[in-house]
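Q: Chains as they are written, first to last, in numbering that gives the first Met the number 0: chain W, 0 to 380; chain A, 0 to 233.
If you're looking for bench data, these hints aren't it; they were derived computationally from the structure.
For every residue, glycine included, the Cβ atom is placed at its ideal position computed from N, Cα and C.
Incorrect hints may appear among the rest.
One-sided and incomplete, this derived list gives chain A residues near chain W with beta-carbon spacing under 8 Å [claimed, not checked]:
| hint | residue |
| --- | --- |
| 1 | D127 |
| 2 | R130 |
| 3 | T131 |
| 4 | P146 |
| 5 | L147 |
Cβ-Cβ distance ranges computed for the label pairs, FRET-style [as the list claims (entries may be wrong)]:
| hint | chain 1 | residue 1 | chain 2 | residue 2 | range |
| --- | --- | --- | --- | --- | --- |
| 6 | W | S137 | A | L145 | 26 to 34 Å |
| 7 | W | H135 | A | L216 | 29 to 37 Å |
| 8 | A | T227 | W | R213 | 39 to 47 Å |
| 9 | A | E85 | W | E64 | 50 to 58 Å |
| 10 | W | L54 | A | L82 | 55 to 63 Å |
| 11 | A | H43 | W | A277 | 27 to 35 Å |
| 12 | W | F12 | A | L71 | 50 to 58 Å |
| 13 | A | L145 | W | H135 | 43 to 51 Å |
| 14 | W | E168 | A | L58 | 50 to 58 Å |
| 15 | A | L82 | W | H135 | 50 to 58 Å |
Calculated from the model, a selection of chain A residues having no Cβ within reach of chain W, i.e. all distances over 12 Å [said to hold, decoys possible]:
| hint | residue |
| --- | --- |
| 16 | C27 |
| 17 | A34 |
| 18 | L39 |
| 19 | G42 |
| 20 | W45 |
| 21 | E119 |
| 22 | A136 |
| 23 | T205 |
| 24 | H231 |
What follows is the residue order along each chain.
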Amino acid sequence: MLRVAVEHHFGSFVLSAAFDSAGGLTALFGRSGAGKTSLINAIAGLLRPERGRILVDDEVLTDTERGIFVPARRRRIGYVFQEGRLFPHLSVHQNLLYGRWFAPPMDSKGGGRAGEVDQIVELLGIGALLHRRPAHLSGGEKQRVAIGRALLARPRLLVMDEPLASLDEARKTEILPYIERLRDEAGVPIVYVSHQVAEVARLATTMVVLSEGRVAAVGPTAAIMGRIDLFPLTGRAEAGALLATRVSGHDPVFGLTILRASAGELRVPHLDLPVGAALRVRIRARDVMIALQPPLGLSALNVLPGTVVEIGRAEGPIVEMRLDCRGEALIARLTRRSVETLGLAPGCPVYAVIKSIAFDHHAIAGAAPLSQGADAETRHG
Amino acid sequence: MTQLLSFTPEELTAIRLSLRVAFWAMLCSLPVGVAIALLLARGHFWGKSLLNAVVHLPLVMPPVVTGYLLLLMFGRRGPLGRLLAESLGIVFAFRWTGAALACAVMGFPLMVRSMRLSIEAVDRRLEDAARTLGANAFWVFATITLPLILPGIVAGMILSFARALGEFGATITFVSNIPGETQTLPTAIYTLIQVPGGDLAAFRLTLVSIAISLAALLASEVLIERATRRVHGL
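Let the sequences and hints guide you as you build the complete structure.
A: Here you go:
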């Protein structure tokens, strides 16, 4: 449980943000300069806000009105920095153990001190690096060690400041599964700063949209991603809906995997996942076509029936609309001309058409297993 | 050649004394040097520029002036000299301790400068990282800051030591040139040049002086290199 309300001036920039989070992975999303890093610095105790109140698990960490400011070292909030910030003069092993030194002793059930290190080393796959110095690690390895170091201090909350920003695509896909395992297995709530829609779509349970120092929206990730009015902030090009799906079967003849969502069936290029595996799929608005009748003689494999719920404000020739497909939201981007030609309006029954090929590595890389299959996932992207 | 290497007892005393004076000058100014360097690199307080100027004064003032000021303050009748002699029994005037004090003061700006630069080069975000991991101010300094500034500290110590070996003006002004008590290498060489027939001895001590300085510089190279590699994890 995390409650944050902070106000702070940086010259002419005003950070004035408040949000609550129940746990899981909370993404702070926004452009650079939106105040994301300042906000987590305030949570971690590296920034003392002019006004504000921060609670973690019902413990007051900051309350300017009552003059409370718990120093960073007593907050037990693990911080994974954008650049890792490993201590260059210490080995990977010493870096990992640094926070444990100061951490409160563990209760008896946890399997002992040594067991905990082994467990986290194994979770992050850094066993082979223990005796190296940070200077000899790749960017991805550094970030994994940084995550391990933060975890071994036994934090009650983990904050991550764009931990993937300095990494290339290959390194990102290397680390994403570890963050998913953290979210699903370690049981430590995470606040994750990012300006990448794909990352947020894949990882976040709750999404906080920040804009110019203020919170523009808070809510479950799928709901926020589906809000047309937020597209100027979340980015039109990458805008799209999130569907929760399960693998319902494979089509070995054509090399396809069949995913089952409540909106209907989706056929996507083969995924190396077992039947029943849960998967989050992002369908970008620009990949969705609209038909008034069930299309015939069409190459696209995925047709989902639904109803137009909302038509967004036109921006130039482009319009976004939200569909309801058996209870799940889908976003489509069309030209204004098509909307007029088809006579689309809220309430219209329509068919959403998605090419299977649209599930390229961007959509699939944005597909997060909700509980399992993290290992299989690394082979994609 | 044998003549060149046959040191008289007086000369050996001067060499030993020089090393002792330089060593203690370096060692005693070390903690003060680290503290002042930290203050100048990190502190925000009124009079910081003034403190900086005072620390650097011995570098730009004529050494005779520094020596004379030390004599006024730490001499037998100087206010600080009398206080120290009466309360702690420490006497500087015309003792080797006075030579060490003069050398420490003269080497202090070099020591502080080198340490300050290395402190300013420390990435303070690493210290933030240590704080989020639970370290208090003392542990942050002991486990992060100190190891990271070690090359600068070593360099500062060597510079102070080397400066002390070469100190002449302030020493001779403050504690004179007493063989066996305050006569260091430079003052011994100076004395030998003044007396007829002292040329060969002066040359001998000059060679010793060059050898010690060279050794100190080479040692510093190695130490700094090693400390730097350690810090950057290479």
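Q: All the hints need checking, so say for each whether the structure fits it.
A: Cross-check of the supplied hints:
no.	hint	in the structure
1	D127	5 Å, holds
2	R130	4 Å, holds
3	T131	4 Å, holds
4	P146	5 Å, holds
5	L147	6 Å, holds
6	W:S137 - A:L145: 26 to 34 Å	29 Å, holds
7	W:H135 - A:L216: 29 to 37 Å	31 Å, holds
8	A:T227 - W:R213: 39 to 47 Å	46 Å, holds
9	A:E85 - W:E64: 50 to 58 Å	56 Å, holds
10	W:L54 - A:L82: 55 to 63 Å	56 Å, holds
11	A:H43 - W:A277: 27 to 35 Å	54 Å, violated
12	W:F12 - A:L71: 50 to 58 Å	55 Å, holds
13	A:L145 - W:H135: 43 to 51 Å	23 Å, violated
14	W:E168 - A:L58: 50 to 58 Å	54 Å, holds
15	A:L82 - W:H135: 50 to 58 Å	55 Å, holds
16	C27	27 Å, holds
17	A34	22 Å, holds
18	L39	23 Å, holds
19	G42	19 Å, holds
20	W45	23 Å, holds
21	E119	17 Å, holds
22	A136	9 Å, violated
23	T205	41 Å, holds
24	H231	6 Å, violated
The earlier numbered hints that this structure contradicts are 11, 13, 22, 24.
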